[in-house]
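Novice: For the record, the sequence lines run as chains A and B. My numbering applies: residue 1 is where the first sequence begins, and numbers increase by one. My numbering applies: residue 1 is where the second sequence begins, and numbers increase by one.
Wrong hints could be hidden among the right ones.
[Said to hold, decoys possible] Within a straight-line C-alpha distance of at most 27 Å, the following computed DSS-like cross-link-like pairs (lysine-lysine) qualify:
#1 A:K326 with B:K101
#2 A:K326 with B:K62
#3 B:K101 with B:K10
#4 B:K10 with B:K62
#5 B:K10 with A:K326
In case anyone wonders, no lab produced these hints; they're calculated from the structure. Model, not experiment: these values are computed from the prediction.
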Amino acid sequence: MPYGPHAADDRARMLEAIGVPSVDALFDDIPEPLRASPLRLDDPEPELELSARLAALAGRNRVDLASFLGAGAYRHWSPATVDQMLLRGEWYTAYTPYQPEVSQGTLQSIYEYQSLLAELTALDVVSASHYDGGAATAEAALMTCRATRRDRILVSRAVHPHYRQTLETYAQGAGLVADEVPLVADGPLAGTTDLAALERMLADPYRPVAGVVVAQPNVLGLLEDMPDAGRLAHAAGALFVSVIEPVSLAVLAPPGEYGADIAAGEGQPLGIPLSYGGPYLGIVACTDALVRQIPGRLVGLTTDLDGRRAFVMTLRAREQDIRREKAASNICTNQALLALAASIYVATIGPHGLRDVAALGAARAAELEAALAAAGAPRAHDGPYLNEFVVRVPDAPALHARLLDRGVLAGIPTASLLPDEPSLADGLLVCATEVTTAADIDRFASALRLELAGATATGGVR
Amino acid sequence: MVPGDLRYTKEHEWVRVDGDEATVGITQYAADQLGDIVFVELPGAGRALDQFATFGVVESVKAVSDLFAPVSGEVTGANDALAGQPELVNSDPYGGGWMVKLRLSEPAQLDQLLDPAAYEQLVAEG
């Protein structure tokens with residue numbers, strides 16, 4: 001008997017059964033140039049030369065910038081404890097602890113993560129983690145469809161565009177519809193989700209809605225009226241999903257307090273360093289009523305035969321290895337090491353520390369707002385924000401590039417983040433956290449003043 | 001062993017008919033095979049089911065199985081007691097462990113189901 005799972009005649013039989021001439025034919029839909037081809041690597045280099053080359057490449061990274069970039073990933077100070085604890089060899093093991101008798105440590109670490117995040121979100125159940133904020137948001141939306149047996153999701157346009165794209169991709173594959181709720185264009189609520197439009201969209205009797213997805217703070221940094229959005233969703237028989245930023249929950253009302261059924265979000269701000277696209281951490285939390293719809297691992301606390309405390313994976317029947325085609329998700333793993341980083345971070349700085357982080361970020365952002373307004377870049381919206389906001393500047397993308405030349409990463413032009421919002425064509429989304437210094441703010445404001453003065457001196461001609 | 005007044009499916013559901021109302025559950029054999037039942041997911045009233053469509057899920061400590069409607073009809077009620085006491089399916093599968101009630105839309109479908117003798121034979125053959 002062959003050791004390999006798919007011997008040549010097995011493959012031939014399977015191909016015949018599905019009526020396909022060859023394995024390659026299964027990939028016909030993928031254009032030829034995009035398919036994997038053999039790697040052609042250069043000859044090996046001596047270690048000394050290679051490290052010099054890599055150092056030169058790394059030198060091209062700009063580490064001299066005063067950065068005000070947020071938009072979904074945030075700079076925070078992380079205590080040395082976090083990295084030091086993560087380096088321990090005990091963690092470098094199977095990330096899904098199927099054998100509780102040899103995995104109590106790993107299981108307990110996941111249980112602690114779930115408990116900490118449940119406290120932070122004020123919800124009953126937290127899964128053992130997902131890929132990132134986008135995947136978590138998409139999974140939350142799918143949960144609403146399974147729970148309500150409806151197939152339409154309403155997602156606010158003030159949810160991060162990457163999350164909306166991920167959600168759209170998941171929805172498409174599952175035969176679901178994701179409709180976008182517009183933003184209020186002007187007035188005191190400008191930049192927040194248009195709740196009157198939401199109410200109208202929920203009222204369509206022929207297209208019942210499974211779930212409403214709104215972000216707090218939203219992608220423009222503004223605070224949404226979450227209790228009202230939730231009430232509208234529930235009145236129409238839909239579930240309410242809150243897309244959260246976890247540090248903000250130390251000072252904002254948590255989702256469980258304003259009636260959210262599910263919270264989803266990006267866990268990177270909790271002790272995980274910024275990196276180019278990840279790996280990050282997807283958070284999903286929900287009420288007890290939805291426990292059988294939540295995807296991913298869940299670790300529970302129980303007792304063993306001798307009555308001792310024990311941790312085990314639980315409610316396994318939701319998962320893909322038990323009930324493949326009917327699993328809660330088949331696009332699912334846990335980011336165990338990153339969830340652990342989040343747990344160590346939260347446990348190390350504690351509830352008061354996390355509150356300080358959020359409050360200090362908000363204070364720095366208020367200083368930033370005043371400095372930028374004085375330099376000629378006022379806020380674009382009137383509504384309250386926490387630590388991220390949009391300022392109006394002329395010709396934002398070009399100005400952003402010129403500020404970069406002056407050593408300032410001036411957030412992100414709203415035109416690149418949300419190209420479909422004409423009202424945001426001339427904005428910069430900027431952010432401050434507890435690591436933003438007064439010197440950084442001065443540098444930004446001075447550079448901005450010079451640039452705006454330069455534009456005026458040349459008659460504003462670009 | 002097998003109650004004589006019920007009809008059965010090959011998937012081990014039973015159905016009891018009273019006028020145009022059908023009560024549905026799973027058999028003692030099915031409950032024994034599944035082991036300790038920890039959760040039963042049932043449909044809400046008003047849902048229309050086609051014969052042999054899945055209407056819910058039964059979850060035990062070792063497996064999860066779909067539940068199939070023996071006959072077509074509209075759900076008129078589900079056994080709410082199972083939410084708190086799913087073990088009733090193990091201890092009293094033909095009584096307190098019932099799952100849903102349907103209003104029969106095509107009573108003739110009952111003839112397609114197994115009678116007690118045929119079901120007993122199915123179980124005996126394993």
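Novice: Now, for every hint given, state plainly whether the structure supports it.
Specialist: These are the hints, each one checked on the structure:
1. A:K326 with B:K101: holds (25 Å)
2. A:K326 with B:K62: Roughly 16 Å between the alpha carbons, so the hint for K326 of chain A and K62 of chain B holds.
3. B:K101 with B:K10: holds (19 Å)
4. B:K10 with B:K62: holds (21 Å)
5. B:K10 with A:K326: holds (21 Å)
Against the hints set out earlier in the document, no violation occurs for any number.
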